[in-house]
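Kindly produce the complete structure, drawing on both the sequences and the hints.
For reference, the chains in residue letters:
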Amino acid sequence: GESVGLHLPTLSVQEGDNSIINCAYSNSASDYFIWYKQESGKGPQFIIDIRSNMDKRQGQRVTVLLNKTVKHLSLQIAATQPGDSAVYFCAENIAPDTNAGGTSYGKLTFGQGTILTVHP
Amino acid sequence: DVKVTQSSRYLVKRTGEKVFLECVQDMDHENMFWYRQDPGLGLRLIYFSYDVKMKEKGDIPEGYSVSREKKERFSLILESASTNQTSMYLCASSRSGTGKEKLFFGSGTQLSVL
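Residue numbers (the working numbering), protein chains in the order written: chain A, 906 to 1025; chain B, 100 to 213.
Heads up, some of the hints might be wrong.
Facing chain A, according to a computed beta carbon distance under 8 Å, are these residues of chain B, among others [what the hints assert, rightly or not]:
hint, residue
1, G141
2, F147
3, G205
Simulated from the structure, these hints should not be mistaken for laboratory data. No residue lacks a Cβ here, since even glycine has one placed at the ideal position from N, Cα and C.
Okay, here's the thing in C-alpha cells:
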C-alpha cells in the first residue's frame, strides 16, 4: 500500500484477475476520500469517492472500502484489463480546524501512488 | 465534460527566468488549484484559489506566486526559476471549496529548469 517514501509501490496482475490497491491514511479527522487514475502523459482522472459515514461504495467494476478503525482505504478493480494499467492515487480531505485559525476551505492531500501493471 | 486546459505541455527555461504557467477551466468552477508532481512524492499542493483575486497557500508555496484575475483563469508564477523547480505541474478545478468534491485536472506541464 501507499506510504511516505520515494519508492512507488507496484502491483502486477494478469488480465481478468481482480486487483486490490491499498492506501493508509494517518489523520482521523479526514472525512472524505477519493481515488484517481493517472495514465502516462495525462492528468489524474477521477475514479470513485467515499465519505467517512460510509464503509463501502461501488462503481462500474470498482469498489472502494473504508476502514476507519485502522485508517485504511482500498480500491478493488474487478476483471482487470490492460487499459487499467496506470498509477493510482488515493487522496483524503482533512477537515480544517477553524478553531485553530485554519482556513475554512478543505483541501485534498494525495498519497504517493501505486503503479498497477496488467499483463495480457 | 469539464475541461481544464494548461497552456503548455512542455517548457524549458533557464535558471533565474520568470516563468508563467497558465490554466483555464470552462465550467465556472469556484476553486482552482496548482499541484506539482514528483516521482515518489505524489501530488503536493502549491497554491489554491477559492474566488477571483483570492488565494491560499498550500503545502509548498515557497518560490511560487499565483494570480487569479478572472474566474476561469489561474496562473502560477515562478519569480526566479531554479533547478529544484523542475517538475510536472498540474492545474485542477472544483465546483466548491469544501474539499469534499472531486478535482478535475489538466494534462500537466512538464517544466525543465536548466
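Results for each hint:
For the restraint placing B/G141 at the interface with chain A, the shortest Cβ-Cβ distance is roughly 4 Å, inside the 8 Å limit, so the hint holds. Interface restraint check for B/F147: the shortest CB-CB distance to chain A comes to about 7 Å, inside 8 Å, so the restraint holds. With its C-beta approaching chain A no nearer than about 5 Å, B/G205 sits inside the 8 Å limit, and its interface hint holds.
Checked against the numbered hints given earlier, this structure breaks none of them.
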